[in-house]
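First to last, the sequence lines map onto chains G and D.
Those letters in the first sequence? Residues 1 to 370, by UniProt numbering.
Those letters in the second sequence? Residues 1 to 153, by UniProt numbering.
In case anyone wonders, no lab produced these hints; they're calculated from the structure.
Since we're looking at a predicted model, the values are computed, not measured.
Glycine included, each C-beta is placed from N, C-alpha and C at the ideal position.
Errors might be hidden in some of the hints.
Pulled a few chain D residues facing chain G out of the computed Cβ check, cut under 10 angstroms [what the hints assert, rightly or not]: (1) Val-24; (2) Ser-124; (3) Gly-138; (4) Thr-148.
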Amino acid sequence: MSLHQFLLEPITCHAWNRDRTQIAISPNNHEVHIYQKSGNQWVKSHELKEHNGHITGIDWAPKSDRIVTCGADRNAYVWSLKDGVWKPTLVILRINRAATFVKWSPLENKFAVGSGARLISVCYFESDNDWWVSKHIKKPIRSTVLSLDWHPNNVLLAAGSCDFKCRVFSAYIKEVEEKPGPTPWGSKMPFGAVLAEFGGAGGGGWVHSVSFSSSGNRLAWVSHDSTVTVVDGTKGSTPSQLKTEFLPLLSVLFISENSVVAAGHDCCPMLFRCDDGGSLTFVSKLDLPKASITRNISAMERFRNMDKRATTEDRNTALETLHQNSITQVSIYEGDQSDCRKFCTTGIDGAMTIWDFKSLEASIQGLRIM
Amino acid sequence: MAKNTLSSRFRKLDIDEFDENKFVDDHDEPVDNQGPDGAEIDNLIRQYPLRDMMTAFHIALRNPPVNTKNPAIKERALAIVLRVLTSFKSSDIEPAVKSLDRSGVDLLMKYIYRGFEKPSDNSSAILLQWHEKAFAVGGLGSIVRVLTARKTV
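Isolated chain G (complex conformation) (with noise of 0.2 angstroms):
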């Protein structure tokens, strides 16, 4: 677990390049800052200033090799690499809302924003005009979409929302793609169909992040009332919730076919398992403190302590997890979906983490990521 500390201002957003030696981030401003790896430390390339509001997502297309980036002030850019310098091209989103998450497609050819406005802006670019257009899915979503992610076939969107509801949706755009094939979901999506929807029935809370498996049939869920939900497309629609004991989880995502990671206000990754009965459980929390070493306090200190603290004791006041504040953002570092081996979280401390399976398995007793 290697924990690097960028900034003391919290990391809103983060996403890395392709290879992992750059990664950019948003320090709670209207700026995306690019980080250079070089060697053990990261140093800042670029600053990506155009956005007037504070930037609230941005996502790296790992093969193109572009960034997008969405804001408070209702726009969104396409970044390019030209020359060494990044330049925006605006997206025009259709919003009167700000814009609060966006993802680039599987295939890169189109990239969908949650918004304020209710809706999802599924944006792609029209060669013709030499623009990026959108278009919108508005019903049937009556509050904010708070989180979005693609299914790997390009087509299917899942959107959690401040309407206590997950939903997917069909965003196929004729002009850039194919007729999708039929999948678990339904097998007819014209663009902007709900294919399935989930939650709300009076109870739970806003959904604050998605994730589909790698495989697409299955499709997990977090929610501000403690909850994590996945639902496996191909076995009916009944989702298995898991009521946690832990602080509402933030950001979901799903490792390999049975497991999902997931964090939040707790400070700390925790694992999940999802087995092919449908039954979700708890496996474990992922940064187990070692056990603190009680010292012996010098004269000096107590001293030293009674003069700035008034007080003799050594009151530790840091959490004892890795990270001092919620964990925002949790991203895959090494591997993909099926089978990751390192992810990384970042968070409100401004800290970014990256987390090794392997590593993890040695260190907690009979963890097995299966």
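Fit chain D to the known structure of chain G by using the hints.
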């Protein structure tokens, strides 16, 4: 202009009712959640300590009035549950909590917080003990679910 400021009838309008983007929760109204059976509970409490308080406890937590909007039913159910909770001995609380499943602990937490809202002479002390034991099993998640639940008990 002076005339317009005299009328304050506009202040009685709830402007949010007219907002077309207002979020309306979908509600289903099943009828049989009428709250726990008062007579049965009375019987059991009267026979305490001869009869089992656990049975009274489980009966009290059955049929929570989460789906109705009728405040009378909710008040009645709350009164019944609080009677059972306050007549427990401190040593019996922990096994009672352990006998519940996850949703039972969440439901118990909801009743405990409702009981906190109107403290009476000795209810707070016993409710705090219930809270401590329920928290040990349910954790912070059960309290978060009390706060985020839209179907209140």
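How the hints compare with the structure:
1. Val-24: Since chain G brings a Cβ to about 8 angstroms from Val-24/D, closer than 10 angstroms, the hint holds.
2. Ser-124: violated (24 angstroms)
3. Gly-138: It holds, given that the least Cβ distance between Gly-138/D and chain G is near 6 angstroms, below 10 angstroms.
4. Thr-148: OK, holds: Thr-148/D within 10 angstroms of chain G, min 4 angstroms.
The structure does not agree with numbered hint 2 stated previously, though it agrees with all others.
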